[in-house]
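Student: Residue numbers (our numbering), protein chains in the order written: chain A, 1 to 253; chain B, 1001 to 1309.
Treat the hints with care, as some may be off.
[Unchecked claim] Derived DMTMM-like pairs: lysine to aspartate or glutamate, alpha-carbon spacing no greater than 25 Å straight-line: (1) A:K250 to B:D1166; (2) B:K1120 to B:D1175; (3) A:K246 to B:E1254; (4) A:K250 to B:D1072; (5) A:K84 to B:E1254; (6) A:K250 to B:E1254; (7) A:K250 to A:D130; (8) B:K1290 to B:D1278; (9) A:K11 to B:D1175; (10) B:K1290 to B:E1195; (11) B:K1228 to B:E1211.
It should be emphasised that the hints constitute simulated quantities derived from the structure, not laboratory data.
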Amino acid sequence: MNLQAVRVIYKSEMSRFFRTIAQSFISPVLSTSLYFIVFGSAIGSRIQEVEGVSYGAFIVPGLIMLTVMTQATSNASFGIYFPKFIGTIYELLSAPINFLEIVIGYVGAAATKAFIIGMVILTTSFFFVDITIQNPFAMFAFLTLTCLSFALLGFILGIWAGNFEQLQLVPLLVVTPLVFLGGSFYSISMLPPFWQTVTLFNPVVYLVSGFRWSFFGTADVPIAMSLGAITLFTALCLAFVWWIFKTGWKIRS
Amino acid sequence: MAAIVSVKDVTKVYDGGFQALKGVNLDIEEGEIIALLGPNGAGKTTLISTICGITTMTSGTITVAGHDIQKDYRVARQMIGLVPQEINLEPFEKVIDTVSFSRGLFGKKKNRSLVENVLKTLSLGDKMENRVMMLSGGMKRRVLIAKALSHEPRVLFLDEPTAGVDVELRKDMWDIVAELKKQGVTIILTTHYIEEAEAIADRIGVINNGEILLVEDKDTLMARMGKKHLTVELADPVGDVPAALAAYDLERSEDGMSLRYTYDTKADRTGITALLADIAKAGLTLRDVKTDQSSLEEIFVGLVQGDAA
C-alpha cells in the first residue's frame, strides 16, 4: 500500500477545497440559509407541524442531505475529471500506485468535504430552528455513508465524463431531481396514494427518511429499509469502481 | 554495462485497430543517453508511454532493472521519471507543492530540502512559492522535469523535451541532460530534431512506423553510414566537368567555381589522391580544398525513405 500517495492525493484535493473556500464553503451555507428563510419562515409559518415536528425543523435533515449528496458527487467527479482534462493524469498512471489508492485519495477527500459542509449546515440550522438529535450515532453513520457513497458515484461520473457537459449532466438531470423529489421538503404521507407508490422507486427517499429518523425518531419508511438501501447503494458503487479498476475503463488505453 | 530497461517483442494495437508498435526490441544501458529519433507518428511516445505504464501493451515484456513493469509495477515505476511532451500542470498549485505531490505519489517520504534542491538545480529556486500559472513556458518545462526528478529516479524519460522551445532554452535543456548524466541518471529522450540527437546522445535509435530500424552508437553510426564530401574550389570557373574526370562522378556548382566529390570513409581507397592528380592533369588550378561529413539528418532521411519504399 502506497500510503504516501494516498496522503498527497488527499491533501492536494483538500487544499483545493480550502483554496476555493468561498465557493466550496460559503455558497452552501448561503443557499441553505435562503432555504430556511423561504421554506422555513415564509412558507413554513403557514404549514402545520409535520409528524409532530415544526416544518422549519422538519426540513433540516433533507436540506443537509440535499447539499451533501450534490456536493459529494460534484466534488469527487470534478476531482478526478480535472486531471484528465488538464492532462496531469499521466502522473497518476505512471506512479507506483494502484486504483484502490487513487480511489481512497479522491473519494476520501470528496467525502470529507461533503461531511464538513453537512456539519456546517447543521450548525447553521441551529441559528434558525430548534432541533434536537435523538440518535446522534445513527445520524453520523448515515451522513458518513451518504458522503462516501455519493463521492463514489461522483468518482465514477468523473471517470466516465468526456467533457464538462457530461460532467454536469448526471448531477443536474438525475441527482438533483431525485433529491428534490426524495422527500427532502415534505413527508411522503402528504402525497396522494399513487405518488406515494411512485416515490418508493426513488432511492433517495430511503436515505432522507433514515437520516430524518436519526433526528426525530419518525420515518417514511422503516429504518431497516433505509439502512439496507444505503448499504446496497454503497455496494453497487464499490462494485462498479472495482470493475473500472479491473478493466481500466476510460483510463488506460 | 547491464541493460537497465529491456524491451522485448513489444506490440501495441490501439482500440481502433491501429498498430503503433510492431515487435519492438530495445536494451537501454545504465548511465547512457539514448535518443529515439523518428518522424511524427512513428511510435516514439507510444513506446515511452508503454514503458512508463500509461499505455498497456498488447504483447511483449518490459523490465526495468530486472523488474517486470506489469507484475512488479511498484518497484519498476519507482525507478522511472517521466517528463511528458505537453505541459501538463495544475495551474493553481504552488511550484513547491506540485513537486512535493509528485514525490509522494511515487511513495517517497516528504523531504522538503531535497525538493528545494531539485528546484534550485533547475534554476527555479526563487519560484518555489509561485503558482504554476505565473511561470513562463520554459519554467513550466523545468517544473515538469523537477516533478519527474522529485523521487530520485534512475531512469528519466524525456518526451520531446525541446519541441517548440527557443534556441536558448534548448541549449539549457541539453545542459540539464548532461548534468543528469553526470549524476548517473539514464536518459531516454525522443526527438525529431536530428541536431538534438547529434548533440547530446550516446546512442541513437531510429524508429519509424512502429519499428526500430536501428540502434547504434552515435559515432559508429555516423562513421559507418556517413559519406564524406570533398569540395574542390577552383581558381577559374569551368564550363563542364572535363571528360578526364568523368569517372569521379563530380558535381559542379552552378557558378562552376567548385567541384564536389563524394566518397565512402569505409572504403579501402577513397580515390582522393588520384582525383587530385587528375584535376592537376586536366589543367585546373586549385584554390582550396575542404571536406565535410554527411549529417545524421541525411542518414536519417535515407533510412526512413528506405523504410517507406
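Student: Now, for every hint given, state plainly whether the structure supports it.
Tutor: Outcome of the hint check:
{"no.": "1", "hint": "A:K250 to B:D1166", "verdict": "violated (36 Å)"}
{"no.": "2", "hint": "B:K1120 to B:D1175", "verdict": "holds (15 Å)"}
{"no.": "3", "hint": "A:K246 to B:E1254", "verdict": "violated (67 Å)"}
{"no.": "4", "hint": "A:K250 to B:D1072", "verdict": "holds (23 Å)"}
{"no.": "5", "hint": "A:K84 to B:E1254", "verdict": "violated (57 Å)"}
{"no.": "6", "hint": "A:K250 to B:E1254", "verdict": "violated (60 Å)"}
{"no.": "7", "hint": "A:K250 to A:D130", "verdict": "violated (48 Å)"}
{"no.": "8", "hint": "B:K1290 to B:D1278", "verdict": "holds (17 Å)"}
{"no.": "9", "hint": "A:K11 to B:D1175", "verdict": "violated (35 Å)"}
{"no.": "10", "hint": "B:K1290 to B:E1195", "verdict": "holds (22 Å)"}
{"no.": "11", "hint": "B:K1228 to B:E1211", "verdict": "violated (28 Å)"}
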